[in-house]
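Protein chains: 2
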Amino acid sequence: MLEKFVDVLIGKPLPNEQTSHEKYNILFGLAIMASDAISSVAYAAEEILVVLIGVLGLAAYNWLGWVSLMIIGLLFILTISYVQIIRAYPQGGGAYIVAKENLGIRPGLVAASALLIDYILTVAVSASAGVAAIISAFPALEIHKISLVVGLIIILTILNLRGVSESSKIFSIPTYLFILGMITMIIYGFIKYSIYGATAPMINTPIKATGALSIFLILRAFSSGCSALTGLEAVSNAVPNFKKPSQKNAKIVMILLSSLILFIFGGTSLLARFYHAIPTKNVTVLSQIAFGVFGRNFMYYFIQITTSIILIMACNTAFTGFPMLMYVVARDGFAPRQFTMKGKRLSFSIGIEVLSLIAGVLVLIFKADVHSLIPLYSVGVFLSFTLAQTGMVLHWKSSTETGWKKRALINGIGAIVTIITTLIIIYEKALAGAWIVIALIPILVIIMASIKRHYNKVAEQLRASKEDISNIELGKKFTHICIIPIASLNKATLNALQYARSITPDVIALNVSIDKTSIEKLKTKWAELNTDILLVTKYSPYRQIITPLLKYIEIISNAASENEKVTIILPQFITHKWWGNFLHNHTGFLLRENLLRNKNIVVSTYPYHLNDEEL
Amino acid sequence: MLEKFVDVLIGKPLPNEQTSHEKYNILFGLAIMASDAISSVAYAAEEILVVLIGVLGLAAYNWLGWVSLMIIGLLFILTISYVQIIRAYPQGGGAYIVAKENLGIRPGLVAASALLIDYILTVAVSASAGVAAIISAFPALEIHKISLVVGLIIILTILNLRGVSESSKIFSIPTYLFILGMITMIIYGFIKYSIYGATAPMINTPIKATGALSIFLILRAFSSGCSALTGLEAVSNAVPNFKKPSQKNAKIVMILLSSLILFIFGGTSLLARFYHAIPTKNVTVLSQIAFGVFGRNFMYYFIQITTSIILIMACNTAFTGFPMLMYVVARDGFAPRQFTMKGKRLSFSIGIEVLSLIAGVLVLIFKADVHSLIPLYSVGVFLSFTLAQTGMVLHWKSSTETGWKKRALINGIGAIVTIITTLIIIYEKALAGAWIVIALIPILVIIMASIKRHYNKVAEQLRASKEDISNIELGKKFTHICIIPIASLNKATLNALQYARSITPDVIALNVSIDKTSIEKLKTKWAELNTDILLVTKYSPYRQIITPLLKYIEIISNAASENEKVTIILPQFITHKWWGNFLHNHTGFLLRENLLRNKNIVVSTYPYHLNDEEL
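Chain order of the listed sequences is R and B. Every position in the first sequence, counted from 1, becomes a number in this note's numbering once 937 is added. Every position in the second sequence, counted from 1, becomes a number in this note's numbering once 937 is added.
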């Protein structure tokens, strides 16, 4: 029943062969990758205006375009750089792979930690922001805010455990609706402005200049606006997730994505200027633009609703990116190997579960408050951008490709700009919470390096040298001693005895009972068996079963010589009922764990399948 | 590290031999058993007065004594009855055992369900009431109420997982302080009243009669006051927990406990009359009595504080009783067998954990509100009292002991009184929440009966008849086929190969790799091994390891004849580091689970112990 319930939730297990069908084509891939990058665009112009208007007043609108142009320039550089990365690294991995291969393992782990933290924050921030958008529309839901965010994360977890392709189909609809809405708004807004000029703005707060223009102010605005570019790296991380030819498809998606960002970000920046949108607490800049362009009609609500949905969908990028990156990191030995295992539906189940668990805890700690989560957010992105760009510079330097200088120059400019951005973000936001990320990254790097070291040491201890291999005497004859713990003589134990006896004549049946009558009963039955197999019975007055069993086995195994192998055979009956594990085989389980952990004893499980229909 | 943390929390594992040292002597046993029973005494007089004063006004004080006398009469009957049960049933089990043996299995399960529910409610109610008492003193804690109650339950869980004796030592101090305080208050109160007469009461609400005396009113007051007697059955359930001679010690504790209830309940009832305590919302009757006797001095606060502590301690009775009853029920096959297993510290860990989990959930659902929990509380106790008493009547009828008629009469009166009380409680409280308990009992009975049926059917399927036993051919020669899944040739796999080869010449090494180079590497190494053991390699392009392994093993096992036995040998390396399980052996684990569940294949684990100091 429990299994059926899980099946209903996450879908029937998929056979292995379906793996390639679960991959992205261009349209679904774009939808999956777009939500994170594009939803942040919806906020970027506002972020820039917040910085500029406070200081420059109305003059801000003149500088908004310049800052936007700088960001679009950075977008170009990053896009070219990432297309180059996709070409150079078809196996995926993005900043982590690039940094690791060109800068070394530590920088690679720094990039990986930064990206992993960012994926988690993407889930926490986007889910919280999405719910906040819903709550703006339905203020009555305010008291359920945290529950709604957590519920949302749970729903996304289930959808993603169902497998990527199905999820992307679900998620592509609102993504494309949002894109459609934005394009319509930008085109219609331009036409309307060129014919009628500006309409009355939605918000009419008087604004005035309080300071002067400075390079630092522009850089600050620029760094705030850079939130438009978060999510760009997702495509390069997920190259192997694309349908074949996966590199080509990934490149097309990368370029389409950048074009969309360019159009939507550039368009909204200009519209913000045309329609004099002013950042305020309650109404977003995007909402003011939509009001300016459409008035309060159907299209206004369409933009509002698709915006709030795409914010929720932005979470999903992380549900794709985090498990994929964990897979790559785990494959390299820097994370537990479970992360390389695909689940029933061919998704990286453990990665998805870990992501949603940590993000859920973050939401609870920060009480789903976007404003306390945001300062943690952008450090990681730009740190990983910087590492990837720097890595690419070294990559071109060491390559013999023609035109490497030009490529290295592009990445070099990108590296300088992103490192400056990173430093500015750290300077501005360290005290507001970014210190958590700055402290966490070295901790994660140390943990990852320790895991790798552990795996290496295990491999070293296990390594069989040429001598080990040629010296091992595979024909060595051992004397086998089989011990079978039995509670009574039943079909399962009888079969196990028969099996043991066919391996070795030295079989010992071992019984521990808490009352003496069952010992007598067993002895009587044993006599009927008419065998020379030794039956050892122990009376245990304190109701303990496992300790006396272990003690006796220990005595035998300690007495065994080097030519003797002790094997414990545990008869186990199997039921396929979902509650079977609650009701059976606990003694066997504990015995097995204990013997394997503490003794050099082979532990065999001899199954006896019960007829489940009669149970 | 995790294990060390657990060790610090619940104490180092105890060796088996310490079992008898963990048992109660009289003083600690009394402290363990007393808190539940005595803490409810603290409320009993108040419960009676609430009923009487509302109707009778000042005349209530005249009837309080009579109702108290009735309850004391019931206390006598129950005490004699339970002493008789302790004598008749030294192995413990209380109402469950008595009902099961004399009335049949179903009534036994009804009693067990009623008691189990009541233990859970004891935890939820007492913890909530204890915290409510603290909050009365420190109103600022009000906002943390639920967290405090849950925290309290967690602390009690940890203390109880540490083992009974240590817990009882901790718990006995406040219990005896409370008893000391109550005795002092009663004696001093009597002396003071006999010399000076009544002092000015703490509360001076005018009260007046609103109705007339009726038998029904007295019975209602009686049933409310019966809460004084909850917890009485704990001693008879826990007989085997006492030090030897356990029956004698349990009887002494039973009589001491009843004497304490008699003295404290009788004394507070009389003092309530002398000092005209009036039930109100904010100040308990006990608090008013303490004020009347001592004024607002040290002793007043002493009584208040020990009362609130003993309410918290009352939870602990359930932490002793619930796992013990689950043990008895599980031993009879009506509950999963895990409940018969003792934990590291020789306590029934699973029972303790289940109890605190359900109680914790109840606290969350009912928001730690005592008043919503109370109506669920007393149905179970008196239902189990009734079943125990009725069972004892039949017990005496079928016994040949001299004086059985007198004993049967005592229990018969008890049965009649308790069944009337039960019916009154159901009538009064069904709609207020007792319906949950009334509905839950049959559900639990059905589940318990199903578990027993399942165990019986499994036993039936497993049962080896005389023919099975005499027909089994223990000397049968099987052809053994051993399959060893290997990722590479290392020390663990080499040893496993050697072991397999010593069992049978038919050994197959099976490798599934996700890249072709590692297959080539393995083949080269294998050649050095210079063996005729078959190496089968499979290339898995979709990164799946387990499915191809299972498929190949399935092909072999399906082809095996009846005289052939397929054994899978899983080389497993063991580390004792606490994080070892996070990092290793997942493939082996999944393979093992899958094979045992689905195939008639023996699965052996061949351990290779790593040198942990070097890891």
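Hints are not guaranteed to be accurate.
Just so you know, same-sequence chains aren't split out, so a pair can sit in one copy or run between any two.
As the list claims (entries may be wrong) - Computed list of lysine-lysine pairs in DSSO-like fashion (alpha-carbon distance at most 30 Å, straight line): (1) 1389 - 1428; (2) 1453 - 1428; (3) 1536 - 1403; (4) 1488 - 1185.
Hints in this document: simulated from the structure, not taken from any laboratory.
Here's how the hints hold up against the structure:
1. 1389 - 1428: between (47 Å within a copy, 20 Å between copies)
2. 1453 - 1428: Result: close within a single copy only, 22 Å intra versus 45 Å inter.
3. 1536 - 1403: For residue 1536 and residue 1403, the Cα distance is within 30 Å only inside one copy (28 Å; across copies 37 Å).
4. 1488 - 1185: Answer is neither: 64 Å inside a copy and 34 Å across each miss the 30 Å cutoff.
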